[in-house]
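A.B. asks: Protein chains in written order, with the UniProt record's numbering: chain A, 1 to 382; chain B, 1 to 360; chain C, 1 to 453; chain D, 1 to 453.
If you are wondering where the hints come from, they were derived from the structure by calculation, not from laboratory data. Here the structure is a predicted model, which means the values were calculated and not measured. Do not rely on the hints blindly, as some may be mistaken.
[Unchecked claim] Straight-line alpha carbon distances no greater than 25 Å define the calculated DMTMM-like cross-link-like pairs of lysine to aspartate or glutamate that follow:
| hint | chain 1 | residue 1 | chain 2 | residue 2 |
| --- | --- | --- | --- | --- |
| 1 | B | Lys18 | D | Glu405 |
| 2 | D | Lys397 | A | Glu344 |
| 3 | A | Lys202 | B | Asp111 |
| 4 | A | Lys113 | C | Asp376 |
| 5 | A | Lys375 | A | Glu344 |
| 6 | D | Lys398 | B | Glu348 |
| 7 | D | Lys357 | A | Glu315 |
| 8 | B | Lys94 | D | Asp376 |
| 9 | A | Lys111 | B | Glu348 |
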Amino acid sequence: MADLYKSSLLYSDQLLCYADVLPPSQVQARIEVAVLNFLKTLSSPTPAISDLALINRRTSNSHVRRGLLTDVSSVFLSRSFSVRSLMRPNAAKAFIRVWKVMEICYQLLIKGKMVTQRELFYKLLSSSPEFFASQLQVNRSIQEVVALLRCSRHSLGIMASSRGAIAGRLVLQKEPEQEIVDCTMCGSSGHAITGDLNVLEKLIIQSDARYVIVVEKHAIFQRLAEDHIFNQIPSILVTGKGYPDIATRFLLHRISKTFPHMPLFALVDWNPAGLAILCTFKFGSVGMGLEAYRYACNVKWLGLRGDDLQLIPEESLIPLKPRDLQIAKSLMASEILKDPYREELELMVSRSQRAEIEALYCHGYNFLGKYIVEKIVQANYL
Amino acid sequence: MAGNRDHTNPSALLNKIKEFTRSLVLDLCNGRSPVVTLGRYRNHCSDPTGNCGCGSDKHKGVEVISLRRDFHAHRLDVLLRVLVIVQKLLQENKHGSKRDIYYMHPSVFSDQTIVDRALNDICILLHCSRHNLNVVSVGNGLVMGWLRFSESGRTFDCLRRPSTAHPVPIYVEDVMDIVSVAKYILVVEKEAVFNRLANDRFCDTNRCIIITGRGYPDIPTRRFLRLLVEKLRLPIYCLVDCDPYGFDILTTYRFGSMQMAYDAIFLRVPEIRWLGAFPSDSKRYQLPEQCLLPLTTDDKRKAAAMLSRCYLQQAPIWRSELETMLQSGVKFEIEALSVTSISLLSDEYIPSKLQGGFYI
Amino acid sequence: MSSSSSSSSSSSSIQKLCRNLIGSAVQRCRMSESLCRLSVLVKQSVESDRPMVQITISDTGIRSCLEFKWLDFAKSCVLDAKWDGILTVLTTGLSDEEIYQYCLDLKEHVPSSRLKRLTSRPKHAQKFSGTEITLCTYESIDNLVAGFTWFLQKMLILKIPKVAVELVVDRANISGSRCDNLFIVGEDIFCSSPKSNIECLVAGFKDYVLKHGNTLDKQCQSCFSNSDLIKIGTACESECLRNMEEVVEAVIIMTELPESPSPSCVRASSVGTQDFLLCPISPLLLSSLATIDWKSFGLNFKSSAVDGDGHASIVSSMHQRIQFGRNLIKRTVKTAMDDLKEKYEGVLLSLHAVEIKNYAPDLAHTIAGLILSSNDVHFQAECISLLQLLPYETFDKKVEDCIREKIITAIQMNDRNPQRSREAAQFLFEGESSVELELEEDDVEEGADSWDI
Amino acid sequence: MSSSSSSSSSSSSIQKLCRNLIGSAVQRCRMSESLCRLSVLVKQSVESDRPMVQITISDTGIRSCLEFKWLDFAKSCVLDAKWDGILTVLTTGLSDEEIYQYCLDLKEHVPSSRLKRLTSRPKHAQKFSGTEITLCTYESIDNLVAGFTWFLQKMLILKIPKVAVELVVDRANISGSRCDNLFIVGEDIFCSSPKSNIECLVAGFKDYVLKHGNTLDKQCQSCFSNSDLIKIGTACESECLRNMEEVVEAVIIMTELPESPSPSCVRASSVGTQDFLLCPISPLLLSSLATIDWKSFGLNFKSSAVDGDGHASIVSSMHQRIQFGRNLIKRTVKTAMDDLKEKYEGVLLSLHAVEIKNYAPDLAHTIAGLILSSNDVHFQAECISLLQLLPYETFDKKVEDCIREKIITAIQMNDRNPQRSREAAQFLFEGESSVELELEEDDVEEGADSWDI
Ligand SMILES: [Mg+2]
Ligand SMILES: [Mg+2]
């Protein structure tokens, strides 16, 4: 059955599972439904402790969705689920942890407060030390609550900061009649993307840009922003500073939905991690939990790619590290990685070399801008 | 901030670089192998008498980099390579990051720390600060509160939404028009606490400026803080975890770091006061036993090493708090204060400390 | 207890043999359709210098023929100087025309020539069945009588229906032959309404437990006075193996000891199984027992006995048949345990369930917290009604207690029928279900920083 | 090479003794102020059944008296059945009135009674000095003559000034006494202008090397034909020790082998030191050599010889004096090495300098980069002129090459005179000089954690 799902191109959106960005009242309602379900089963003529059905977050439950009409592919979790049961050996504590986290979130939502994961850890450590011994357990339990309620972590009242930044031809407004942020004027470190998904969802976005350039590294972003590249090419610059967080991807997704004809280009290192970052923007990733899937964007690979290596001096090519090979292996194993991306990855592995974007600086600090313009004009992207 | 040192404008620095190059060539033409002499700076030592003079901006002894030793040759090689890049940056009036420089010759530099040291060497050689070299750090700091300023024409208006975070400007020398109605500046160690205070809308009700360096503060954050202190003359308080790392971050704000000792005078904020968390806070705020984590061996080693730092003689109370921490054998994080009430920090802890003068 | 146990443990091999023979005789009686008599005659003869004792075990049960096969006592018995290893056996069935006579020489090394058939005796067309086994020994008659007394007394516990047991001792002392009829079963046995074997066993054991257990001659007021404390599970399983039906009956008796038993009560400290066995625990039986998942009943299986916090004793009334299927024994005991567990709520909870039960207060506290901290009165009202509490009972403790009780009940019930909790878990918001996976603790892969699609 | 080395290695202990005696004789001659003669007479006598050989080593040098002390050959020689261990020594000095006569019995175990003074012989007021040592052996005369020939040939390499050497062989065969004067030194020696010992040594060794090395009788055209390839360092150090001056002279010859030597040239593969030694390398010498920091010359010291990529041979002409100071030897060799290094640019670079030299291209590239990437043409012009390049030569490669050459030169010069780079380094932008701290690599404090400020 699962195989059938995987092979089906006509996969309907109904089968996708992802976490919604919900207002507190709806999250509250979902928690209440969970309590009522629990009590119903408990008070039935054949009383039982109802199991918690969580969306299965294993890699084996991930599938690739390819749009028929759009270019967007994404990774998603299908409706296969795992069971958290009190009665299972070695699982009782984890079961109760889910409920404990849910209880605290519920109370936070009522108070209208947000907490950090660390604060949540301390709260749980002091109230239920026998159940929570480490931050990791708290983080996992939060993920399970997300998988149970299918709402984003942020909706549960858990704060996360975003590392992302944005700059360029973009005007942001939190709500109508409120302060306007002109991202051409944000300085070279760009406008910090807030971690508050609710704010991002309501954000009013205006732009006269023609492209979005997604940059792997903050330093490159800074360089491009300092050079005002968005004035040479009318564009928006986005960086997730490495692997992008949810908020960054959420905002990028919103931009691409708001301006469906604005192509998205990615500028990443020529190494497996760079490709993985690109793929995270493009497809989402299982590792990020249930929240990640719906923000897939059709990002094109602008550079660095194998045919750019001619621009790079030999001494700037570094041998692949074991970590690179590990990432390459996991990318290779993924069905979502198709040619020509797969070919690029194979080239990296076969050459056993990697190159960083900064290596282009050997042609001068202005070169990067020229490089990007040339690539876009020649439609030299994958 | 500009004009803190003489002759740190790009053309003066370029002249210094040329002079240096000339002297190298001259040496070579005279059959002498290249030698670079650098002052050695430190911001602390373990001299218990306090006569070490670490606090001054004078160098202590010199370091001679020549070809006599293999590792010196490599260091010289790296220094010169970085110098070529710096010369280019200055000539083109571009800014580059340390990371940019690293990736120019990744196989030679092999590690970012090697580039960092070369940059420090060059700063010492040319008698300037790092930003004078047009080398910028990726900014990590965040600021919010009752403050407005502009950086290269862009206005950061935190006043309109005092509980919204803004990144700390990277080109601190370009920061102008600082306007503030704040009564004090609060420096917090970590972003999570910063976010907590933002979520509590602490700045809405408290006239202050809050800054975080997200752990060990980077140069822009420290320079920006220093700029605010100079311009606004406000009291400045610091809130760090009650652990050796928190304490080290605190001392970094106040005394500067060892790596940047040559520049400490422009980076340190001697006025900073320690607001918390003190070891004694665990009792005062009735932290549950579980939230007190035992000090690790590493923590203890670090704390013991810090106790012997000479600059703590200027801050004997700080030192005794660190001693107390070491003796108690436990540490805790600021977040642990949220156990009883999620807003304890904003509602009670910070206000009561400020009102009661419980800072040192 | 101490005297009987020591006599039992020091019982000679001849006594062990005799117990086996009596066991066989009881079985023959039970398999017979009519009332039966089992006699044990112990007779001292003074014919030779050494006082010899003749033991005759006779019964009126069905004909014997097969059970001698396993009389493989040669190794342990015959080397005994007190016995010549020779058994004389007379046996006849109801339909037999004659009385068969055998001589079993256990000294014989070749097993096939151990049993010799002698000339049959005429039956003179009489209709009866029965077996008589005779052997002679130089064992002390007093020891023998004490052993038989103890053994037969225990046998009576079984309340074997329709079998009368007698022990006749004939001491040939100087003052002439004396005959002691030591043991006569009360008449109620014969009059009792027809009961199944297992019911008789239960009744017998129950009586035994309610009497003062091991000592028989002392009454202890402080323990087992209340039959409500006794929990009994039974099972009778059969199996057809090579055209032979095998039946195993198991009775499990569980008593709760008073918290501080009177120190005079030896029972409290020594509830073992040995007293109840008609035969030594065979390795087969032991290994069968060992394979039972005692943990699922919250018990530990220890060496030759089963112990669960000192509360549980396992009693078996297996009949001696070497061919017993291991699985049959296991199944029977297991069924008897399940029977017991089913009948009495909350007993024999598995270790797992006991562990889970410890979590009940925490879970109840959390769920109650969720309900009570809500600012939605409709939601609260709905919960209260689901819990079948009255609206005015909604003070915190009451809700929490109620939920805890319900959780404990659910755990206990699900421990009895583990399959019940297996029913498909429901999605919170939709009816559909799909591939199901069960999670162990910390089972979920965390993708931390790595990108895995 | 193979023949000579085999004769040397298989030379008997009597031969080793004789070589020592000849060595002493050479020394006595050299210490004399006038022209001297050194004769070795090998005479076969047929007086007994076994053919005995009488060896007489006589010289006209200064009087001998002390060098016999160390003739401590008792352990290795006397046990030889071919020799009775007795040496007859006659010696007289220029100012002596008589000729002293000694008998040295090496068989004697007590060292003090080993040397016996016999009655002196009258000198008849003649003015001469000299020493004659005689011993008899049953050694084969052919072996002895071959050994002496080889040894004296090598001695000639030393071009010892003012000493004539002859080897006379007198075979008493049946056809009467035959006298072979095998060895007469060419007259040029006597006529040569007065040279120092060391100059003679150098000349001799140079001749030897330029001849076809080991084999002496073959000419190899492919190697050492060019004396420019030969690099020579010399040193003569003396030391006063207990009123005795000790002198050590060292000559170090270094040759560069052609890249692919003709395969017929045995020299290429076997440049050793053994051929050049007048005596076996003593443990004292070896240990002295071992303490030299060969690495600082880019060489490795291996077992009994010194090897540097197969190019370097170390040759010593130490005179045999047991009291040699270790340090003196070491100092002499070291000075000779330094002399060689000083005289020839770029040879015997220390390993360190070789390693550092690897940085030269990178450093040159970077320094050239600093110059060429400057946007200040005046500055560029200034640098170009400092480098003594012509303005039109400022294309990148030329500047870089020039700087590289200069760096390499500087490195080589500093390797020769390490003290020169020690001169106090100056601050570039400050006049003050300050305490110099030498930092070890790990001495630089690095931030504990990964933060970089
Ligand atoms: Mg990368
Ligand atoms: Mg910390």
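A.B. asks: The structure should be examined with respect to each hint, and the outcome stated for every one.
C.D. replies: Right, here's what the structure says about each hint:
{"no.": "1", "hint": "Lys18(B) to Glu405(D)", "verdict": "holds, 21 Å"}
{"no.": "2", "hint": "Lys397(D) to Glu344(A)", "verdict": "violated, 37 Å"}
{"no.": "3", "hint": "Lys202(A) to Asp111(B)", "verdict": "violated, 43 Å"}
{"no.": "4", "hint": "Lys113(A) to Asp376(C)", "verdict": "holds, 18 Å"}
{"no.": "5", "hint": "Lys375(A) to Glu344(A)", "verdict": "holds, 17 Å"}
{"no.": "6", "hint": "Lys398(D) to Glu348(B)", "verdict": "violated, 73 Å"}
{"no.": "7", "hint": "Lys357(D) to Glu315(A)", "verdict": "holds, 20 Å"}
{"no.": "8", "hint": "Lys94(B) to Asp376(D)", "verdict": "holds, 18 Å"}
{"no.": "9", "hint": "Lys111(A) to Glu348(B)", "verdict": "holds, 18 Å"}
Checked against the numbered hints listed earlier, the structure breaks hints 2, 3 and 6; every other hint is satisfied.
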